[in-house]
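Here's the letter readout for the chains.
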Amino acid sequence: MKRSLKNYFDKIKPQFRPGGKFQKFQSVFDGFDSFLFTPNTTSQRIGVHIHDNNDSKRTMIIVVLALIPALLFGMYNVGYQRYLSIGTPEPAFFDAFLYGLLAVLPKIVVAYVVGLGIEFISAQIRHHEIQEGFLVSGILIPMICPIETPVWMIAVATAFSVIFVKEVFGGTGMNIFNVALMTRAFLFFAYPSKMSGDSVFVASDSIFGLGSGQLVDSFTGATPLGQIATSGSLTPAVTGITGNELSLWDMFLGLIPGSIGETSTLFILLGGLILLFTGIASWRIMLSVFVGGFVMAFIANTFPSATYPGSAISPLEHICLGGFAFAAVFMATDPVTAAHTNIGKYIYGFLVGALAILIRIYNSGYPEGAMLAVLFGNAFAPLIDYCVIESNIRRRMRRAKR
Amino acid sequence: MLDLIRIKKGLDLNLIGEADGKVSQPTGISGEYAIIPDDFYGLIPKLLKKEGETVLSGEAVLYDKNHPEVVVTSPVSGTIKKIIRGERRKILAVVIEAGSEPQTAKTFKTDAGSAEQVKTTLLESGLWALMRQRPYGIIPDKDVTPRDIFVTTFDSAPLAPDHCLMMDGNEANFEKGLSILAKLTNGNVYIGVTPNHPYESKSATSVIFEGPHPAGNVGTQIAHIAPVNKGETVWALDAETVIRIGKLFTEGKVDYSCIVTIAGEKVKTPQNVKTTMGISLKTLLGNNIDGNNTRIIAGNVLTGVQEQLEGFLHFPYRQITAIPEISNDCEFMGWASLSPKKYSASRTFFSWLMPKSKKYSFDAKINGGERAIIMAGEYDKVFPMDIYAEYLIKAIIARDIDKMEQLGIYEVVPEDFALCEFIDTSKIELQRIVKEGLDYLRKETN
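Chains as they are written, first to last, in the numbering used here: chain E, 1 to 402; chain X, 403 to 848.
No lab work stands behind these hints: they were computed from the structure. Remember, predicted model here, so these are calculated numbers, not experimental data. Keep in mind that the hints are not guaranteed to be accurate.
[Stated by the list, open to error] Label-pair restraints from in silico Cβ distances: (1) E:Ala379 with X:Arg844: 34 to 40 Å; (2) E:Lys24 with X:Trp754: 40 to 46 Å; (3) X:Leu406 with E:Ile121: 54 to 60 Å; (4) X:Leu494 with E:Thr42: 50 to 56 Å; (5) X:Trp754 with E:Ile12: 34 to 40 Å; (6) E:Tyr191 with X:Ser763: 33 to 39 Å; (7) X:Arg490 with E:Lys24: 35 to 41 Å; (8) E:Phe376 with X:Asn588: 51 to 57 Å; (9) E:Thr42 with X:Arg844: 38 to 44 Å; (10) X:Ser763 with E:Ile125: 46 to 52 Å.
[As the list claims (entries may be wrong)] Below are the EDC-like pairs computed for lysine to aspartate or glutamate, each with C-alpha atoms no more than 16 Å apart in a straight line: (11) E:Lys2 with X:Glu461; (12) E:Lys6 with X:Glu653; (13) E:Lys6 with X:Asp731; (14) X:Lys670 with X:Asp692; (15) X:Lys508 with X:Glu653; (16) E:Lys11 with E:Asp33; (17) X:Lys684 with X:Glu499; (18) X:Lys585 with X:Glu612; (19) X:Lys805 with E:Glu390; (20) E:Lys194 with E:Asp217; (21) X:Lys411 with X:Glu612; (22) X:Lys604 with X:Glu577; (23) E:Lys401 with X:Glu807; (24) X:Lys796 with X:Asp782; (25) E:Lys2 with X:Glu733; (26) X:Lys632 with X:Glu577; (27) X:Lys676 with X:Asp422; (28) X:Lys508 with X:Glu461; (29) X:Lys483 with X:Glu499; (30) X:Lys585 with X:Asp513; (31) E:Lys401 with X:Asp513.
Just so it is clear, CB atoms sit at the ideal spot from N, CA and C, and this is done for glycine as well.
Taking the hints into account, I'd like the entire structure generated from these sequences.
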């Protein structure tokens, strides 16, 4: 069976080569071929003759796997929040999950179709193999959007991001900014009303009859961070969408309104463990983002001010709320856009973490700062690396003079 | 008390087909032997002998176009059988048919009074061509006095021969060789030794290197003892060459014998064989190899050269490895494999479930496709030098000479990047890039 499929692929391969009938689809064909069968490319005559089994396909798949816990929880939470808003505080697990699945799936499909479509085309234009980077971006994009983001916006933003943030720079591995975050930044600045506020983080319609009902009177769709930012008090009360008070555990578990995959610190950390154990994400970055965020929140918390109500929140709550944990685990650790040197990784991570909380607390325009902080960190990563490398160069030059 | 340096970054690879510690009895000299000019990096070969001429063991066969004093000598006495040429008449190999025994050998003066005398003898005997200098990893420039001389006494590469094999019984020659080398530098002679055999010498400074491969690479040892700066030259030798130098100045003859480890999954009986440099692989391997779907590597799996069975033993004349070319040509969705038999230095495959001593089967597949550098900082995990490998590679690709110099190109040779190339998720040919970079640099700056 495997063998005959392989033989069939080998048979039709010439048609996809230059001069063949389908030469315009060479990259796509090779993409599927190498997806199904490990390429039989062997080492050169000179050089290393054996290779580690880890390749970029495996790496990307592991990242996708690490995202799955947070994504599944996010789906459940979408349904849970919907049922909560229509007065069913304890919905059946399956109903809530199915509702969330149906609400989220179109976004994932659209992000993948648009992104991979552009990826296929640009691979063919460059006569490259198809690169796997978008496998991760495609799942990240829906996870960092509010549930009420229309799919056409996701399509437009994904197209913008893949073309202008990645492909014009040369494809996966060459980009300066995190592709998924740029998608969100594009949405954030192009369609601000759909990306923030009180009405976008909880699903508002029934799907195929699931989750139909009237909103309860006490409903408010504001996220905890939104509530804090607008509270104007030194003791901001943080409630769920039906007015129930939220404990630190609630924030950690994540049954609260927020972007689809970002609410559950618990499940994000689970994914983070996978990334750290497999060695794909840098522990240096992850750790220092958390440290940076904690330190900044601690400083703010030491000098609380009613003008900036975020400063009244404890550091632990800051870390559990909003997109901070998600940014720390999945966004800041993107190896391409983060700092590349080990020392640089500490500085970069700390900068991202501290800045995320700084924006969150002291910029009243944005209740959440994780996205902007990571993009800012991306912009600064080359500079940080430059300084680290320069010190290595200076060390070498000094050694030479002696 | 010797200095001890612990190498933390690196990787020991366990391959199937390790040879045991014994050495088989040497067979007589017969059959074909070859000198392969490409082994002598930096040498532009010119012939001194024509096809059909007779040659003595120790007699010069090739010389360097730019430095006529640098010669490569014949490992056996016999006749030049043929000169194999490639494109644009490039000399690929000079094949020598060994004459009948007993072999006579050319003799050299053993006078080692002055550095000049030593140099002359080393050059004439061809042993000079077995030494390497840094920068560039080429045959040393005879007009430059090296700052220091570094000798590694062990090989930490996968399936490499145990260093005791070459040292056993040769301690006196080794010592003699070190004392000869000490005359050629104003600095020190350093020897890198293992903790198991902390060899000490009167003429050299021993430094113990502990840790995974590339602890035995002379490049790693130089980087930890005294890195090469711009404008400096150091020599890098292995213990065998030092022993040969010692013998030359004791007996007046060059000893071309070498102990070769024949190892790897495709070898029927992995073993160590005492033989002669440049021997034909047919003679050396005989029936001891499964020739089907096999990649024969002259050298180790990280830095060796692929050879056919019709080929010959290559510099540094130490190892032959035979591995499968393609174990499974129809591997369905290999990237999704859960098998713990697929090795990865990261924990992305399940080989981490296996005990550390588990031996793995490797074929020659690159296990993926070439990509841009994605996993930033990956090389640093197995690159034990104070050099930012990724940035140096990028500077080399960009042909930016200033940056290359600043980032330490003078300290490295291709083999230093072998482990990086092995673990590289993006499957980039790092050793080729470094070699081309060094070629470019040498052309532009000389």
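Q: Quick one: which hint numbers does this structure break? Sort them smallest to largest.
A: 4, 6, 9, 10, 11, 12, 18, 20, 26 and 31
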